[in-house]
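2 protein chains.
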Amino acid sequence: MKTLKIPEATIMRLAVYSRYLERAEKQGITTVSSAAIADGTGVSPAQVRKDLAYFGEFGTRGVGYHTGELSSNIRRILGLNRCWSAVIVGAGKLGSALALYEGFLSRGFRIVGVFDIDPKIVGKHLGEIEVLHVSQLEDVVARKKAEIGIITVPASAAQEVGERLVKAGVRALLNFSPHVLNLARDVIVRNVDFSLHLEVLTFNLVFGKIKKEVAEEK
Amino acid sequence: MKTLKIPEATIMRLAVYSRYLERAEKQGITTVSSAAIADGTGVSPAQVRKDLAYFGEFGTRGVGYHTGELSSNIRRILGLNRCWSAVIVGAGKLGSALALYEGFLSRGFRIVGVFDIDPKIVGKHLGEIEVLHVSQLEDVVARKKAEIGIITVPASAAQEVGERLVKAGVRALLNFSPHVLNLARDVIVRNVDFSLHLEVLTFNLVFGKIKKEVAEEK
DNA sequence: TAGATTGTTAATCGATTAACAATC
DNA sequence: TAGATTGTTAATCGATTAACAATC
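Residue numbers (this note's numbering), protein chains in the order written: chain A, 136 to 353; chain B, 136 to 353.
Covered stretches of chain B, as calculated for chain A (at least 3 residues, CB under 8 Å):
no.	segment
1	225-231
2	237-246
3	315-329
Quick caveat, the hints were computed from the structure, so don't treat them as lab data. Computed from a predicted model, the values in this text were never measured in an experiment. Virtual Cβ for every residue (Gly too), placed ideally from N, Cα, C.
Full structure from sequences and hints, please.
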């Protein structure tokens, strides 16, 4: 069986193109070229065409791509032509901010449950939704058919929460904790620990300086 | 001039190893092997050794790595052996959560300024720090010598905020907005838009299903 | 010495890019 | 037809992995 392997970077870029196209659409631009998309998103035109070619032929030679058409095609590829139900575990500062984040709803993500273990937090209202005790996790996930789990608990609790979510039926996890989850391989996990990103920044700040000094010595 | 190019993925992994080592240290484990690190962080042992080899020889053949020593070496490589000053622009839900996030301080990141444009938000206190009007951005960045800018404003304002931060002296940006920043090439930017990550999840949920169906047809 | 594990090289794998035929 | 831009191939580039000599 021939399995075509699509680079993960391609998917990330498709999401970026998608945002660019939505902006272009709003501005009334009806046709875009790979060069324009490339320009607006900081990649190469060849990269744009290659990324799109994994999924079909969306353009017209000599003309370019129809903005709205390409936009909706990419949204379909990314699975954004439907709603997704997600639960958040951990209603601390980050979890609460995410529960109230309008950007989710506008892109089709519905938060159908927020959980915490702290009795001081359980019962709080975050917009429409009430924070429930984590003991109700399994029940709510099953009843609301949540497919995505968002983990915003401390590192020490992340593994257990991940396991419970998966056992309850969740198939994809967004992990904000710094703990690397060890789960069945068919579970889709993305780590978005942002202090990790901060550390890449500081490395580059320090290393950039070293490179500059080395260059000057020569 | 020979410039050794270090993969960005290597830096991300170093940060992950760093967390693993800190945990191991706390548990009183004094020696770790590349296989143990690999196991605990989900990469291959060869990868671990290769990543470390970019920066020096930290282990002892036949023995492994001294946990504390390797841990502090990696922290030094990542630039975490010193404090870094950062400002946050945008004190909405996400910006506020980040300003109050204890994880930053514990890893040496100090938030020295939080800004917003909304008069309803300016003047609020987030822990020790008061939200200032964005007009004071340049002044505070210069006075407090902030080196890192964290952007948590809506997409429409991100580019302008990025430009102002850089002009004020910030050299590295953590961009939480979905807008791709277009700045001088020596500015270090990392995009941590998490709806992007959510979309990679949904793609994989949909695509995994397609792959499975294709496999079953055969 | 025998067993273990590193550091490093060479081979492999995968992703990006350049180039161009196809075609509007 | 001339100009433009796609879709695709082949070449290049870079990152990962396997293998093993070095060495504790």
